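S.K.: Here is what each chain is made of, one letter per residue.
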Amino acid sequence: MELFLKSLMLGFASGGIYSLVAVSYVIIYKATRIFAFSQAGMLIIGAYVMWQCLIVWSLPIWLSILISLAIGAAIALIIERTCTRPLIGQPILAPIVVTLGIMLLFRGIGLLFWHGEVEGYGASFLPLGAWKIGFMSLPKIQAYGFIVCMVVIALLISFYKYTRTGLGMRVVHEDHLVAQNLGINVKRIFQFSWIFSCMVAVIAGMLLGNIQGVGLDLDANGLVAIAAVLFGGMESFGGAVIAGLAIGIIQIFVIQYLGALMPGEITMLVPFVFLLLILIIKPYGLFGLVRIERL
Amino acid sequence: MTINVDRPCGTFDRNYYQAMEIFRTPLRKFLMIAFIVVMYILGFIADDYILSLLIVFCAFSVGMTGLQIITGYAGQISLGHAAFMGVGMYTVATFQAHLGFNFWMALPLAGLFPMIIGMVFGIPAIRIKGLYLAFASLAAHFVIVYVISNWRSVTNGTDGMYLHRPETLLGIDFMIDKYYYLLVLTITIIMIYFAKNLTRTRLGRAFVAVRDNDIAAEVMGINIAHTKILAFGIGCFYAGIAGALGGGYYEYVNIEWFTLTDSIWYLGFLVVGGLGSIFGAIAGAVVWKSLDELSTLMTPVTEALMGGMAFYASAAFTLIFYSLIVIVVLVLEPRGINHRWQIMKRSYRLHPFPY
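Chains G and F are the protein sequences, given in the same order. The opening position of the first sequence corresponds to residue 2 in the working numbering, with each subsequent residue numbered one higher. The opening position of the second sequence corresponds to residue -7 in the working numbering, with each subsequent residue numbered one higher.
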């Protein structure tokens, strides 16, 4: 029972971050129909920039977060303008290869500036320690991380729901041509989508850096989140959140209960086997749109 | 199919035989034969360093041709091509180590094993396409890497395995790099010849039809699931053979050589070379491996520039430089080196006039 509760809690904590990363994929995918693999690399950049501000320059925490978010937004604008806008209307391979290239570029930048060393925030970001609840302990980092994830997702969804720009973004999600005819600046919406997505990825990177240590291996979490995006359906925020939590929980449970039976490291194996199963059983996910194509 | 592009205007096919020709002019035929002869002669005059480069070029050309069949011809995206190459290398190594096969017996198996695995991972293609299939191949990468690094009794885990080059055949000793290069070159030419012919068969045209519009292809009576799975199978066959050739040169194989990064470079440099032509595949492989060599040669320079130790300076340089090349080429010239080459040929032909 204790193991079960502990696994469930850990699963929720990592699942919350997977949800956040999955949402950052979905934001871009819904708006631009590009699957931005580069967000996996943004996790590395976000975590390292935060570490640079917080530990190396010892800036206050609010300023560090602001700087990280601003850098994320600036990178988003650069990517949108220079890399993905020329690719609008190109075959599907071009954006996939370009975003994968950007992912590796970020990895290279992490290696160049921070030498790929695994760093930590110590106590200066989220509080350390744990709460004692009955017989088990709840680490504060993971609890706060989960809360931050859910708050960010809630803010995003309410932005989409209640603001005028959010309404415009939802129109763009439906159809680019219709949105343009309605007088919505589709290019501006693309920019906004990239900025939001990269900021979300930066936040996810910070939280992951706090839990797993700031390093180049953070992009593996971005790849795991792909399974979540697919499980939830590529076009659904709610699906991404639910599927992210589900992937986190499944991952931890399989590691806890079946890990002894399997040799080696199965953290990456579990989500991807799950992804294959989804692709065979229900390829468009829980809430994804099944697009009916015709000639 | 790209039958009528890249041809001077006024040149028409007057019969089916002409339409099926590989070499349209005697000059081209002569150049191709001359090129092959030069490649063979190079094997006798080159030193060991050039030979090592040439062997790597040949092996990766075969692998890249496989990816060209999957991605360039059939239009399916494979993010696990390096892993399939690894399966090919490991097939040779395991059959040699555990069952005492020699290289000649293991070579076809090195193609068949990745082919079967590739077709298994292609099964989701029955229901999905495009981006979704790319995810399936991404999953294939992680599953393959997991199995190879943890099936210790067979693959020796992450410690790597030794494999052996072929024994002497007809009195030729393949332990000498020179003769091994000639063997690799011969196999490469055969494989590329088959790939070139494949694109001119019913199956090859079915690949192109599925790539261009899969619904239209289905309406025309092509079984698209079947075609996609076959494309994965054939592409992975090539990857496996490429792995066997490369592994035979190094005589050692380690799973850490086959990372997701390599699969991405495979895809990236395929686009740099040019999609949908065998020449593009070879160009992509040669550019990629030349850059690899360049970055090895530049290691002292990058160290000095970045003021650090070799192990990260060189790796960071490689990652940043390659990804910039892939991104810039894709944004500025999405049709790759092959397209640029065709433009150059055309402007040379039409020289005083723009078109």
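Please keep in mind that the hints were generated in silico from the structure rather than gathered at the bench. Check each hint, because a few of them may be wrong.
Covered, in the sense of this in silico footprint (three residues per stretch, anywhere, with C-beta under 8 Å from a C-beta of chain F), are these stretches of chain G [what the hints assert, rightly or not]:
1) 3 to 11
2) 148 to 157
3) 247 to 261
With beta-carbon atoms standing in for the labels, derived distance ranges [said to hold, decoys possible]:
4) Gly149(F) - Tyr145(G): 37 to 43 Å
5) Leu60(G) - Ile42(F): 50 to 56 Å
6) Ile89(G) - Met336(F): 51 to 57 Å
7) Met151(G) - Val112(F): 34 to 40 Å
8) Pro264(G) - Ala296(F): 42 to 48 Å
9) Leu324(F) - Asp218(G): 48 to 54 Å
10) Arg171(G) - Ile115(F): 47 to 53 Å
11) Pro264(G) - Glu159(F): 33 to 39 Å
12) Pro100(F) - Asn186(G): 57 to 63 Å
Take a look, some chain G residues computed to stay more than 12 Å from chain F by CB distance [said to hold, decoys possible]:
13) Gly42
14) Thr85
15) Thr100
16) Met137
17) Leu139
18) Lys162
19) Ala180
20) Ile185
21) Ile196
22) Ile212
23) Leu217
24) Ser237
25) Ile279
26) Leu287
All values derive from a computational prediction rather than experimental measurement. Note that CB positions come from ideal geometry on N, CA and C, so glycine has one too.
S.K.: All hints, please: hold or fail.
M.R.: Checked hints:
Coverage of a stretch by a chain is defined here by at least three residues with a beta carbon nearer than 8 Å to that chain's beta carbons; for the segment 3 to 11 of chain G and chain F the count is 0, and the condition is violated. Counting residues of the segment 148 to 157 of chain G whose CB lies closer than 8 Å to any CB of chain F gives 0, which falls below the minimum of 3, so the coverage claim is violated. Requiring three or more residues with a Cβ within less than 8 Å of a Cβ of chain F, the coverage given for the segment 247 to 261 of chain G is violated, as only 0 such residues are present. The given range of 37 to 43 Å is respected by Gly149(F) and Tyr145(G), whose C-beta atoms sit roughly 38 Å from each other.
For Leu60(G) and Ile42(F), the Cβ-Cβ distance of about 54 Å falls inside the hinted range of 50 to 56 Å, so the restraint holds. Taken as a hint, the range 51 to 57 Å is violated for the pair Ile89(G) and Met336(F), whose Cβ atoms sit roughly 28 Å apart. Distance hint check for Met151(G) and Val112(F): the Cβ-Cβ separation is about 39 Å, which falls inside the suggested range of 34 to 40 Å. For Pro264(G) and Ala296(F), the Cβ-Cβ distance of about 43 Å falls inside the hinted range of 42 to 48 Å, so the restraint holds.
At about 32 Å, the CB distance of Leu324(F) to Asp218(G) disagrees with the hint of 48 to 54 Å. Between Arg171(G) and Ile115(F) the beta carbon distance is about 36 Å. The supplied range of 47 to 53 Å is therefore violated. A hinted range of 33 to 39 Å for the beta carbons of Pro264(G) and Glu159(F) is consistent with their spacing of about 35 Å. In this structure the hint that Pro100(F) and Asn186(G) lie 57 to 63 Å apart at CB holds, the actual value being about 59 Å.
For Gly42(G), the non-interface assignment is contradicted: its Cβ lies about 10 Å from the closest Cβ of chain F, within the 12 Å cut-off. Separation of Thr85(G) from chain F is inadequate, the least Cβ-Cβ distance of about 9 Å not exceeding the 12 Å criterion. Remark: the non-interface label on Thr100(G) conflicts with the geometry, its nearest Cβ contact in chain F lying 9 Å away (cut-off 12 Å). Its beta-carbon lying about 31 Å from the closest one in chain F, Met137(G) satisfies the requirement of being farther than 12 Å from that chain.
The beta carbon of Leu139(G) is kept farther than 12 Å from every beta carbon of chain F, the shortest such distance being approximately 31 Å. With a cut of 12 Å on Cβ distances, Lys162(G) stays outside the contact zone with chain F, its closest approach being about 27 Å. Once the 12 Å rule is applied to beta carbons, Ala180(G) is consistent with being away from chain F; the minimum gap is 22 Å. Distance to chain F confirms Ile185(G) as a non-interface residue, since its nearest Cβ pair spans about 25 Å, more than 12 Å.
Every C-beta of chain F lies more than 12 Å from that of Ile196(G), the closest at about 20 Å, which supports listing it as non-interface. At roughly 21 Å, the least C-beta separation between Ile212(G) and chain F is larger than 12 Å, which holds for a residue marked as non-interface. Chain F draws Leu217(G) into its interface by the beta-carbon criterion, the shortest separation being 10 Å against a cut-off of 12 Å. Every beta carbon of chain F lies more than 12 Å from that of Ser237(G), the smallest distance being close to 15 Å; the non-interface claim holds.
With a least CB separation of 9 Å from chain F, Ile279(G) falls inside the 12 Å interface cut-off, contrary to its annotation. No Cβ of chain F comes within 12 Å of the Cβ of Leu287(G); the nearest lies about 15 Å off, and the non-interface call holds.
Violated hints, in rising order: 1, 2, 3, 6, 9, 10, 13, 14, 15, 23, 25; the structure is consistent with all others.
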